[in-house]
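2 protein chains.
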Amino acid sequence: MRGVVMHAPGDVRVEDRPDPIIEEPTDAIIRVTAACVCGSDLWPYRGAGEVDRAPMGHEYIGIVEQIGSAVQNVAIGDFVVGSFVASDNTCEICQAGFQSRCAHQVMMGSIGTQAEKARIPLADGTLVKVPGKPTEEQTRSLLAASDVLGTGWFAAVAAEAGPGKTVAVVGDGAVGLLGILAANRLGAERIIAMSRHADRQSLAKQFGATDIVEERGDAGIARVKELTNGYGAHSTIEAVGTQESMLQAIGATRPGGHVGFVGVSHDVELDGADLFTATVSLLGGPAPVRRFLPELIELIMTDQINPGVVFDLTLPLEQAAEGYKAMDERRATKVMLTI
Amino acid sequence: MRGVVMHAPGDVRVEDRPDPIIEEPTDAIIRVTAACVCGSDLWPYRGAGEVDRAPMGHEYIGIVEQIGSAVQNVAIGDFVVGSFVASDNTCEICQAGFQSRCAHQVMMGSIGTQAEKARIPLADGTLVKVPGKPTEEQTRSLLAASDVLGTGWFAAVAAEAGPGKTVAVVGDGAVGLLGILAANRLGAERIIAMSRHADRQSLAKQFGATDIVEERGDAGIARVKELTNGYGAHSTIEAVGTQESMLQAIGATRPGGHVGFVGVSHDVELDGADLFTATVSLLGGPAPVRRFLPELIELIMTDQINPGVVFDLTLPLEQAAEGYKAMDERRATKVMLTI
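So the protein sequences, as listed, match chains A and B. Sequential numbering from 1 applies to the first sequence in the numbering used here. Sequential numbering from 1 applies to the second sequence in the numbering used here.
Just so you know, the hints here were simulated from the structure itself, not pulled from any lab data. What you were told as hints is all true, and nothing was included just to trick you.
No copy is singled out in the list; a pair is fine if it fits within one copy or between any two copies.
Simulated pairs of lysine to any residue, SDA-like, Cα-Cα distance not exceeding 20 Å:
1) LYS225 <-> GLU92
2) LYS205 <-> LEU186
3) LYS129 <-> THR90
4) LYS225 <-> ALA103
5) LYS225 <-> HIS104
6) LYS133 <-> PHE79
7) LYS225 <-> ARG190
8) LYS225 <-> ALA96
9) LYS325 <-> THR314
Quick caveat: nothing in here was measured; it's all calculated off a predicted structure.
Generate the whole structure from the sequences, applying the supplied hints.
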């Protein structure tokens, strides 16, 4: 089969890779119908950390082609969505809603879903069947649910966005934008998008942002406080993962407020005394997207949300390298790869 | 009046200080009947940070002697408890239960309650009247409520201790021990006290600890996981404030669990990537003791809890220096100063 392989930073190729096979009785093999390039794929692309001929991709939708002998919840021919972490959905951690840290987790990034096919470990726990036949628009949204929507949703839930709350959102990538959509759906009263890009501001407003703050760092914090009677936001979504963005998120949050951080952390160091003084709740990490998938699929298939609009560039799998380049150069917010 | 002044690290004296006066119409003056030496007083005592003739003390119970013209909730003669932060109890932060970060907060440590009298700013918001006449035992417990009990209680609430939960407690000082009492009252199923001191282990058990772990650091984390089917605690109380204790608390907590940290942070640096991977909720800081005072006073005055037993050394104010020394040398867990 054909699949994306990153040979080195900046060097993305589409190559022949061996077809996946059932390795465990709990596995399924899916024919991937669409995958995407993730903001987190840009970290190795830009040289953060080592990368040497790694299969790429962890977001996917597709059709079940083969199942292991122990698989019961999905059948051949099912159209399915899964998250970027394969999880059994039965251990105590999964049952508490943290499937991204399942006791038996397998990171889908280690398998690589930017490919024609993919092995899905723990298929019963990982995959959720889509009812009915999705439209093209719904299909794009289902793909978004696989990671960026689910991650933005978790960030909003972790930040305790809800009725009466003012939510600040740091980061205007696909996750930050869909965090806005999530906060809006969860009933937030006011949503402050921190963004300085006109096109993303526009999408932010479409998703429910009520205010735009262009300032960053201390100036951004000051502006959020100004908009909230000096108190700061009740809930802040952090969707970048840098030192500046984390401090901006914590600083923009009022004492007793909540920060949901989902930007993959790079070189972030938090000073204990500052955190102590801040008196905010922090919850973040790899989003347990699986927790939200049934609800998100329902919202998408009933056209209540349309997160698929974050895909502003669609390319065939063979042109994956151009997709990475476009996102790296910020010519695209989120790239969909059709297969 | 007589009051404690720290001239320099290790140099604590009881001296004549000016009697406090009403400075704002919202002030009250109380006659302090008992104060204590706090674990956090030991930081400057041991030379962490600068200290130059600072009035000391922030825990207190006493009798209202004088009130400003705007004070309505307490009257002269009332027996009152307050927390270590004066707060208006009306701003949005206070109303959300984070009085320790009140928009108009005054740190009582800057006033110094290890003294015969103290000015209490924002008296209406800060002070809570004790109904009836407390016994000697109740009096000690009310003094504990002023800080160590309220702080341990907040840590347990921040860690979401409750029915069905396994709670780990890092730190066996007065706050950690009373965190155990709080977790027990909040219905925790299992409480793991991390302590290697026999006398404190005994008090931990008296307060409701079901297991004792003597190991620290990675070995302590491994032991907590061993006791919890490999998952880690649902809820962890951190009541020390060092790098080792914070990492021990985070490491002992299962993904999706909660850490309540109340040890005043010293030289703690948290790695963002480690925190991201941990996927635990962190909430800490100066405890909003005021939130819990009415409930704690009720529990104490009806003899449902007896936190006052943490005071294992009682000295007259004039011997405050010996109280600091005893705590510094770990000859005492918590020192009460009678006035």
